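Peer 1: Here's the letter readout for the chains.
Number of protein chains: 2
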Amino acid sequence: MNTPNAVAEAYIQTWNETDTRQRDRLFRTSWTDDARYVDPMMRAEGAAQISGLVAAVHQRFAGFRFSLRGDPSGHGDYVRFSWALGPGAGEAPIEGTDVVKLIDGKIQEVIGFLDKVPATA
Amino acid sequence: MNTPNAVAEAYIQTWNETDTRQRDRLFRTSWTDDARYVDPMMRAEGAAQISGLVAAVHQRFAGFRFSLRGDPSGHGDYVRFSWALGPGAGEAPIEGTDVVKLIDGKIQEVIGFLDKVPATA
Chain A
202 MNTPNAVAEA
212 YIQTWNETDT
222 RQRDRLFRTS
232 WTDDARYVDP
242 MMRAEGAAQI
252 SGLVAAVHQR
262 FAGFRFSLRG
272 DPSGHGDYVR
282 FSWALGPGAG
292 EAPIEGTDVV
302 KLIDGKIQEV
312 IGFLDKVPAT
322 A
Chain B
202 MNTPNAVAEA
212 YIQTWNETDT
222 RQRDRLFRTS
232 WTDDARYVDP
242 MMRAEGAAQI
252 SGLVAAVHQR
262 FAGFRFSLRG
272 DPSGHGDYVR
282 FSWALGPGAG
292 EAPIEGTDVV
302 KLIDGKIQEV
312 IGFLDKVPAT
322 A
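Protein chains in written order, with the numbering used here: chain A, 202 to 322; chain B, 202 to 322.
Next up, chain A with everything else stripped away, as it sits in the complex (with noise of 0.2 Å):
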């Protein structure tokens, strides 16, 4: 998964997952296993804390899922992609931006910016 549109499908397949055996093999795939992940609200290291927080989302976001915005882009072992998390239909409340670090192909670091939060979060 070398090109920034399947990087950044295969993140947002991790973070739409919510069979926690499934997901783990999405990590298996896709990430490596010391990843790192950092946004504004959570930070985790390990694929297994990482997809804890997968998890926490779910949870407190029951029914959302995540989609991509715009097109991917990338160099090197960098991609930059927006996506957008919402119920689905209509505009979504939650929009960011990640940039991911990847080692011999798999996501290694993830830094994660908000673009669009909603007034109460």
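Hints in this document: simulated from the structure, not taken from any laboratory.
Hints should not be assumed to be uniformly reliable.
Distance windows between CB atoms, simulated [claimed, not checked]:
hint, chain 1, residue 1, chain 2, residue 2, range
1, B, F262, A, A257, 42 to 52 Å
2, B, G247, A, E292, 40 to 50 Å
3, B, V318, A, A207, 18 to 28 Å
4, A, R226, B, D220, 31 to 41 Å
5, B, M242, A, G253, 33 to 43 Å
Under the rule of at most 16 Å between Cα atoms (straight-line distance), these lysine to aspartate or glutamate pairs were calculated in the EDC-like manner [said to hold, decoys possible]:
hint, chain 1, residue 1, chain 2, residue 2
6, B, K302, A, D234
7, B, K307, B, D240
8, A, K302, B, E310
9, A, K307, A, D278
10, B, K302, A, D225
11, A, K302, A, D234
12, B, K317, A, D225
13, A, K317, B, D272
14, B, K307, B, D272
15, A, K302, A, E210
16, A, K307, A, E210
17, B, K317, B, E292
18, B, K302, B, E246
19, A, K302, B, D240
20, B, K317, B, E296
21, A, K307, A, D225
22, B, K307, B, D234
23, B, K302, B, D278
Fair warning: this is a prediction, and the values are worked out from it, not measured in the lab.
Ideal Cβ positions, reconstructed from N, Cα and C, are used throughout, including at glycine.
We have chain A already, so just place chain B on it with the hints.
Peer 2: Quick look at chain B alone, frame taken from chain A:
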């Protein structure tokens, strides 16, 4: 310089400085000695090498200036900001977004992406 704005302004100031000695002073103030820089076209390791990149950009785009676009955002040791590079009047031909990682308040890593490039670039 810990606010996202201060980091972004120090970064832009460094890139706009055409005097080598002045620029090296800005590197010592706002960047780590072993800072790394990568974007779709350039890569450099160490403040001295990055300073060389800046000089090369001034040579290629003589008279052009970097300016901030929008509001820098940040969390923890990470800052994101967007910039424009142009002759200063009218629409800038080149735009980008950089993500910066800080160590002890100094710029340690820059991951740059281009948002707009001239058709002939």
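Peer 1: Measuring from beta carbon to beta carbon, are G247 of chain B and E292 of chain A in 40 to 50 Å?
Peer 2: 45 Å, holds
Peer 1: Are K307 of chain B and D234 of chain B close enough, with their CA atoms no more than 16 Å apart?
Peer 2: The given pair, whose Cα atoms are some 9 Å apart, holds under the 16 Å limit.
Peer 1: Against the 16 Å threshold, does the CA-CA distance of K307 of chain B and D240 of chain B hold or violate the hint?
Peer 2: Cα-Cα ~19 Å, so violated.
Peer 1: Within a Cα-Cα threshold of 16 Å, do K307 of chain A and D278 of chain A meet the stated pairing?
Peer 2: 9 Å, holds
Peer 1: Does K307 of chain A pair with D225 of chain A here, judged by a C-alpha cut-off of 16 Å?
Peer 2: Answer holds: K307 of chain A to D225 of chain A is near 14 Å, not above 16 Å.
Peer 1: Assess, step by step, whether the Cα of K302 of chain B is no farther than 16 Å from the Cα of D225 of chain A, and give holds or violated.
Peer 2: Distance ~29 Å between K302 of chain B and D225 of chain A Cα, so the pair is violated.
Peer 1: Could you grab the alpha-carbon distance between K302 of chain A and D234 of chain A and see if it respects the 16 Å cut-off?
Peer 2: It holds: about 14 Å lies between the C-alpha atoms, which stays within 16 Å.
Peer 1: CA of K302 of chain B to CA of D278 of chain B, is that 16 Å or under?
Peer 2: Since the Cα atoms of K302 of chain B and D278 of chain B sit roughly 6 Å apart, the hinted pair holds (cutoff 16 Å).
Peer 1: What's the verdict on K307 of chain B and D272 of chain B, does the C-alpha distance respect the 16 Å limit or exceed it?
Peer 2: This hinted pair is violated, its Cα atoms lying about 20 Å apart.
Peer 1: So if I understand the rule, the pair passes when the alpha-carbon distance is 16 Å or less; does K302 of chain B with E246 of chain B pass?
Peer 2: It holds: about 14 Å lies between the C-alpha atoms, which stays within 16 Å.
Peer 1: Within 31 to 41 Å: is that where the Cβ-Cβ distance between R226 of chain A and D220 of chain B falls?
Peer 2: 55 Å Cβ-Cβ, so the 31 to 41 Å window is violated.
Peer 1: Going straight from one Cα to the other, do K317 of chain A and D272 of chain B come out at no more than 16 Å?
Peer 2: 13 Å, holds
Going down the numbered hints, you'll see the structure goes against 4, 6, 7, 10, 12 and 14, while the others check out.
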